[in-house]
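Enquirer: Residue strings, one per chain:
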Amino acid sequence: MFKVSNATGGYGKTVIIRDVSLQVGKGEIVALLGRNGVGKSTLMRYATGLISPMAGTLEIDGRTAPASTAKRVRLGLGYVPQGRFVFQRMTVVENIAVAAESNGHDGKASVEAAFEDFPMLVPKAKDLAGGLSGGQQQILALARALAIRPRILLLDEPTEGVQPSIIDEMAGVLKRLNRERGISVLVAEQDLDFCLSIAERAYVMEKGSIRLEIDRDSLKADAALQHELLGV
Amino acid sequence: MEFDYLATVLLSSLASASILLIATIGLAVVFGLMGVINLAHGEFLMIGAYTALTATQAGVPFLLSIPIAVAVTMAIGAVIEILVINRLYGRIFDTMLATWGISIAFYQLAVLIFGTVTPGIGMPQYSIKIGDYNLAGYSLLMIFVAALMGSFVYLLMTRTVYGMKARASIQEPAMARAIGIESSRVNTMTFSLGCGLAGFAGAILLPIVPATPSMGFAFVIKAFLTVVVAGPVTLTGSAIAAIGLGGGASITASFLTSVAGDVFFFLITAVLLWLFPLGITAGWRRKM
Chain R
1 MFKVSNATGG YGKTVIIRDV SLQVGKGEIV ALLGRNGVGK STLMRYATGL ISPMAGTLEI
61 DGRTAPASTA KRVRLGLGYV PQGRFVFQRM TVVENIAVAA ESNGHDGKAS VEAAFEDFPM
121 LVPKAKDLAG GLSGGQQQIL ALARALAIRP RILLLDEPTE GVQPSIIDEM AGVLKRLNRE
181 RGISVLVAEQ DLDFCLSIAE RAYVMEKGSI RLEIDRDSLK ADAALQHELL GV
Chain Z
1 MEFDYLATVL LSSLASASIL LIATIGLAVV FGLMGVINLA HGEFLMIGAY TALTATQAGV
61 PFLLSIPIAV AVTMAIGAVI EILVINRLYG RIFDTMLATW GISIAFYQLA VLIFGTVTPG
121 IGMPQYSIKI GDYNLAGYSL LMIFVAALMG SFVYLLMTRT VYGMKARASI QEPAMARAIG
181 IESSRVNTMT FSLGCGLAGF AGAILLPIVP ATPSMGFAFV IKAFLTVVVA GPVTLTGSAI
241 AAIGLGGGAS ITASFLTSVA GDVFFFLITA VLLWLFPLGI TAGWRRKM
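Just so you know, the sequences run in chain order R and Z.
Heads up, the first sequence is in our numbering, so the first residue is 1 and it goes up one at a time.
Heads up, the second sequence is in our numbering, so the first residue is 1 and it goes up one at a time.
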């Protein structure tokens, strides 16, 4: 359902990812593993169209994705960037509502749905997003991405700087949404435990390319690879 | 007697602060919200004034000439954004050069079409008496106009879907696109809105500030300083800065001389920017 083929891209003339191909099936949760600086975030930005491609294509539901980021969102591509990038001087409600309204969904209903999924946002509803803690901002960024009603969700380091209890909650919600709404997820992570708890399959990146593809059980069994990924 | 004088000074100073705010709000949207230094802001004011003047001379009632002026400046603003500004976001100096060029072109165009001197429009002069003093009614009306204009922009930006999209596009342009906002279209709309507000200012101020090709210069410097002093919480900040700086300058001017008023304005601006380099609202947690 989501397929990147021979992606090459970077910033200016600097190539960061080279000839990357991967796919995420419908209703599948796939992890993108690798140490810092291997090109995971660049691949995510490539997929959203926020950086212009040097080569390669992206398919969503068998259709070649348009170049425009906003049009890719219409096709159901949701994105939670590393560093969250919530709209700081907008309230929690507005952050979610603007995402829904921009895709033709009712803002109020979407906010209510988001509050059901993430009750921890309710007491913060009228607060400016810039005043939330890191974990709360992460949850808000996730709620915002879900408000576009995505079919494929790209998560870039969602656990970075987030307290363990919120990470568990996030994993629970993601698994539930995946099960109930069939949302596919591609999650770039350094937190192996988090990935092993939600993903069935993983790609391991190294120096801007995919080094190998591995399923959850093999990864669980492969202590050497785990150590390498954790950088121990 | 003494009280009458004080009340007169206060009211007329509030009126001149309001006039400054009216001239500034368009810039608050374009510079304060979008970060575009539009050096042609004053010329949009001038275009608004000339449009209203031309319309009234053609027999259109003055009140009706105001929406015409807004429509014309919004349209020109949209074209300028698509042709020029659109390509220059994030390139402050290029934007300044381009808009400076645009301002010179508009100024010369106005000189060619209208000449350098134009008659004001004949408006019935109402005045209000406080004790022994007369206050021009139209200037006082500007206090309400400024309040209305400020509320309009505030509500537009905080209560409508367009307003949310506009603020999102400005705060995190890439992220706005990543949730499906066509930010280039929204930016065209916002720039055009800022120009329309300048056009509105030029038209509504026409009875007290006659249209001349160079009228933009008179406003643009103080308007810019007001927005810079205001800082990131643009609208509230601009209102406070306009009342403080414009009103203070006007009070100073009525007790001393108009030069002293300007000295007050620039001196306080310098001190405020020295104390708050990012604007007086830099530490505030507010939307607008």
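It is worth saying that the hints were derived from the structure and are not from the lab.
Some hints here could point you the wrong way.
Stated by the list, open to error - Keeping only pairs whose Cα atoms sit at most 30 Å apart, straight-line, the calculated DSSO-like set for lysine-lysine is: (1) K222/Z to K71/R; (2) K108/R to K287/Z; (3) K13/R to K3/R; (4) K13/R to K108/R; (5) K220/R to K175/R; (6) K124/R to K222/Z; (7) K124/R to K108/R; (8) K13/R to K26/R; (9) K71/R to K220/R; (10) K126/R to K175/R; (11) K129/Z to K126/R; (12) K175/R to K13/R.
Said to hold, decoys possible - Interface residues of chain R toward chain Z, partial, derived using beta-carbon atoms under 10 Å: (13) P53; (14) P66; (15) T69; (16) R72; (17) G78; (18) L229.
Quick caveat: nothing in here was measured; it's all calculated off a predicted structure.
Cβ coordinates follow ideal geometry from the N, Cα and C atoms, glycine included.
Enquirer: Next step is simple, just say for each hint if it's right about the structure.
Expert: Evaluated hints:
Taken as a hint, the K222/Z and K71/R pair is broken in the structure, with Cα atoms around 42 Å apart against an allowance of 30 Å. Only pairs whose Cα atoms come within 30 Å are accepted, and K108/R paired with K287/Z is accepted, the gap being roughly 19 Å. For the proposed pair K13/R and K3/R, the alpha carbon gap of about 25 Å is at most 30 Å, so the pair holds. Simply put, K13/R and K108/R have alpha-carbon atoms about 44 Å apart, too far for the 30 Å limit, and the pair is violated.
Proximity of K220/R to K175/R is assessed by CA-CA distance (about 19 Å); at most 30 Å being required, the pair is judged to hold. A distance of roughly 39 Å separates the Cα atoms of K124/R and K222/Z; the hinted pair therefore is violated under the 30 Å criterion. Of the supplied pair hints, the one linking K124/R and K108/R holds, its CA atoms being roughly 16 Å apart against a limit of 30 Å. Between K13/R and K26/R the alpha-carbon distance is near 34 Å, which puts this suggested pair outside the 30 Å criterion.
Note on K71/R and K220/R: the hinted pairing is violated, with a Cα-Cα distance of about 38 Å set against a maximum of 30 Å. With a C-alpha separation of about 28 Å, the suggested pair K126/R and K175/R falls inside the 30 Å cut-off, and the hint holds. Between K129/Z and K126/R the CA atoms are separated by roughly 46 Å; this puts the pair beyond 30 Å, and the hint is violated. Taken as a hint, the K175/R and K13/R pair is broken in the structure, with Cα atoms around 39 Å apart against an allowance of 30 Å.
A distance limit of 10 Å between C-beta atoms decides the matter here; for P53/R the minimum to chain Z is near 16 Å, and the interface restraint is violated. This hint is violated: P66/R has a C-beta 12 Å from the nearest C-beta of chain Z, more than the 10 Å allowed. A least Cβ separation of about 4 Å between T69/R and chain Z falls short of the 10 Å threshold, and the interface hint therefore holds. Given hint, R72/R at the interface with chain Z, holds; its Cβ is 9 Å from that chain's nearest Cβ, closer than 10 Å.
Restraint check, G78/R versus chain Z: the minimum CB separation of about 8 Å is within 10 Å; hint holds. Annotation: interface hint on L229/R violated; nearest CB of chain Z at approximately 27 Å, more than 10 Å.
This entry does not satisfy hints 1, 4, 6, 8, 9, 11, 12, 13, 14 and 18, going by the numbered hints stated previously.
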